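Peer 1: Below are the chains, spelled out letter by letter.
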Amino acid sequence: MPTHGQILPLVFDKVSYVAKGARLVDEFSVTLDPGTRTIILGPNGAGKSLILRLSHGLLQPTSGAIRWEGPGGGNRAALHQAMVFQRPMTLRRSVGANLDYVLSLRKVPRELRRAKTAAALKRAGLFAMRSRPARVLSAGEQQKLALGRAWVMEPEVLFLDEPTASLDPAATREVENMINAIHQAGTKIIMTTHDLGQARRLADDIIFMHQGRLIERAGAEEFFERPRTPHAEAFLNGELLP
Amino acid sequence: MSEIWSALGKAMVLIADFDPDLVEIIGLSLRVSLIAVFIAAVVGLPVGAAVALFRFPGRPVLVVLINALMGLPPVVVGLIVYLLLSRAGPFGVFNLLYTPTAMIIAQAILIGPIVAALTRQTVEDLWQEYGEQLTSFGVGPGRAVRTLLWDGRFSLLTGVLAGFGRASAEVGAVMIVGGNIDHLTRVMTTSIALETSKGNLEIALALGIILLIIALGINASAYAIRDVAYRAES
Chain Z
141 MPTHGQILPL VFDKVSYVAK GARLVDEFSV TLDPGTRTII LGPNGAGKSL ILRLSHGLLQ
201 PTSGAIRWEG PGGGNRAALH QAMVFQRPMT LRRSVGANLD YVLSLRKVPR ELRRAKTAAA
261 LKRAGLFAMR SRPARVLSAG EQQKLALGRA WVMEPEVLFL DEPTASLDPA ATREVENMIN
321 AIHQAGTKII MTTHDLGQAR RLADDIIFMH QGRLIERAGA EEFFERPRTP HAEAFLNGEL
381 LP
Chain S
21 MSEIWSALGK AMVLIADFDP DLVEIIGLSL RVSLIAVFIA AVVGLPVGAA VALFRFPGRP
81 VLVVLINALM GLPPVVVGLI VYLLLSRAGP FGVFNLLYTP TAMIIAQAIL IGPIVAALTR
141 QTVEDLWQEY GEQLTSFGVG PGRAVRTLLW DGRFSLLTGV LAGFGRASAE VGAVMIVGGN
201 IDHLTRVMTT SIALETSKGN LEIALALGII LLIIALGINA SAYAIRDVAY RAES
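Line by line, the protein sequences are chains Z and S. Per my numbering, the first sequence starts with residue 141, numbered consecutively. Per my numbering, the second sequence starts with residue 21, numbered consecutively.
Think of the hints as simulated: they come from the structure by calculation, not from any bench. The structure presented is a predicted model; accordingly, all values stated were derived computationally and were not measured. Just so you know, not all the hints are guaranteed correct.
Claimed, not checked - Computed from the model, here is a short list of chain S residues facing chain Z with C-beta under 7 Å: (1) D145; (2) Q148; (3) Y150; (4) E152; (5) Q153; (6) S156; (7) F157; (8) G158.
Unchecked claim - Ranges between beta-carbon positions, derived for each pair: (9) S:G151 with Z:G175: 25 to 35 Å; (10) Z:R246 with S:G109: 23 to 33 Å; (11) Z:S203 with S:G151: 20 to 30 Å; (12) S:L99 with Z:T202: 51 to 61 Å; (13) S:E144 with Z:T202: 36 to 46 Å; (14) Z:G337 with S:L82: 50 to 60 Å; (15) Z:A258 with S:F38: 48 to 58 Å; (16) Z:E209 with S:G162: 31 to 41 Å; (17) Z:L380 with S:V84: 45 to 55 Å; (18) S:V81 with Z:A162: 28 to 38 Å; (19) Z:N215 with S:V81: 15 to 25 Å; (20) S:V81 with Z:G359: 56 to 66 Å.
Claimed, not checked - A short list of chain Z residues far from chain S (calculated; beta carbon distances all over 10 Å): (21) L198; (22) P211; (23) G212; (24) A218; (25) R232; (26) E251; (27) H334; (28) D335; (29) R368; (30) L380; (31) L381.
The beta carbon of each residue, even a glycine, is placed where N, CA and C say it ideally should be.
With the rest of the complex left out, here is chain S:
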């Protein structure tokens, strides 16, 4: 037991000292997940809205695809991205395997469907309420999508935050496509896995505490957003 307490103490010292290795790992984690969530939002928001509002050929396939991808285990996403980016794969020429870019791609594929599915639900619910009046106003399809995305902004932001939470907590996919290379593709989750197996509990614990704080921060933000939205809209 004393071993754990001493590791915890050392972990606190690492955090308090802004240990450069630690800062580097946290920085890369945040960079990868933030870019991934940005890409997921740019693609997922309009796709989700389009699926909610329009009937077009291929729509059922898209719906099934979104729902299936949402529940996909991260390691499977990692495996697919690995195959696509590996030398023998279709995108092998870009030499992206074992780079932060590969990790961003894997995380974006992982959370894009979540953002799209949440957007679809939010926009469908809003359309129930807005549909007749917007039609009466003479709003065209493009404007309708923009209106509903803006008016659903609080719910959608919560969805995007959930996506960021999943991305930053995920280990399987980034491990496979990033390779957990020191100073290059080592992020918080992969470091925790590695350092724990090596017995370096203080680093693992320090990173775990930071991840916990990030998770708490995300949920506190989501709660605050819902609170603001409730006061503004109820």
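So that you can see chain Z by itself, here it is in the shape it has in the complex:
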């Protein structure tokens, strides 16, 4: 299994992403260090999800470079990352088999998989449902399963793309608690949201984006108390950005 301290920091060097003639990410440069919960904030269409997909290697930049600068940051960097999507993808198998699947992908021996699966299900509060088909779980439970499945891979970095956007407040709270638990266990969190309240609850540092550009990068407290740009101030005041 991957150990931590391998691939971070993650460096974006003037990264642009163009699709069908539209410049969706524009000269984006940033360095992401280990330790913190980084929240990528911005209105819909700001390019937040694209930054996650580019980071995770699901998309390739049109220009510029994305580098994992840690010692293990070569072509095996993907082994140290996991991603959870807005709409949880659960395999058409039992809850337990969903975790067993990723462990077998990571070549964890069968004897170890059973114990790891049980422990991960207990952490996710899903142990009692381990034999149920994953697809009959509620949306919140499926998202917790997706989180538990990401966690069992023990990633150094976990990407989360609006993980609570389609959940009710109770499920949102449970998912946020789980994200915090994963962070406390040593995983770097990089997450998008357009929900200001959620950003205030979770963020250690903020990347604020608008129209594919990095507008402001700051510690969470500083960003919320003293935004430096008119765009960020307008967004924090709940105004619609041009």
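Given chain Z, work out where chain S should sit, using these hints.
Peer 2: Below, chain S alone, put in the same frame as chain Z:
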């Protein structure tokens, strides 16, 4: 009208008595169609999945071929297999014409494309949903195919059952390549055609009833599978 009723009565007696000729014909039918559907699944499932997931040279040709073969009339398949297996044909040396093996080959060619086309659709739909997450997991091509085939198992099984239904109900192809030889290549559909033309309505009716029961059984199984899948996945 009374003639039909009396034939129906005799047909019921034949079925109830497990008439040996009848049992032999039904047994051969099931054997041929089951082996054909097995071959069609072994080839059609991976080919369908590969066409759905990968872009490779010759893929468009394969797609057109699968779709064209799916709508091919059974007699044309029979004719092509006949030409291939006949003494003058490329595989004439194997002496397969007018054997159950020839019938299996014809039926497998008939239903392979159906299984492949249904697999392609199922796997493409699943990939829409699974693609990003599987890529994120770092799943390679071979593993992706296996994962999608397994997770699409309920839909795929329904497709394979549809293939079996078509194979066991088909008459044109097996008639041409099998020859409808008594005790050798006579299956339910070819017997019905022959016995009806000879006026032996009771045998034809008995076989027709059995075919109907098989068709009902297949559809009931397909329905049950969908029901189980719905409860497991909705």
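Peer 1: What are the numbers of the hints the structure violates, in ascending order?
Peer 2: 1, 2, 10, 13, 19, 21, 24, 25
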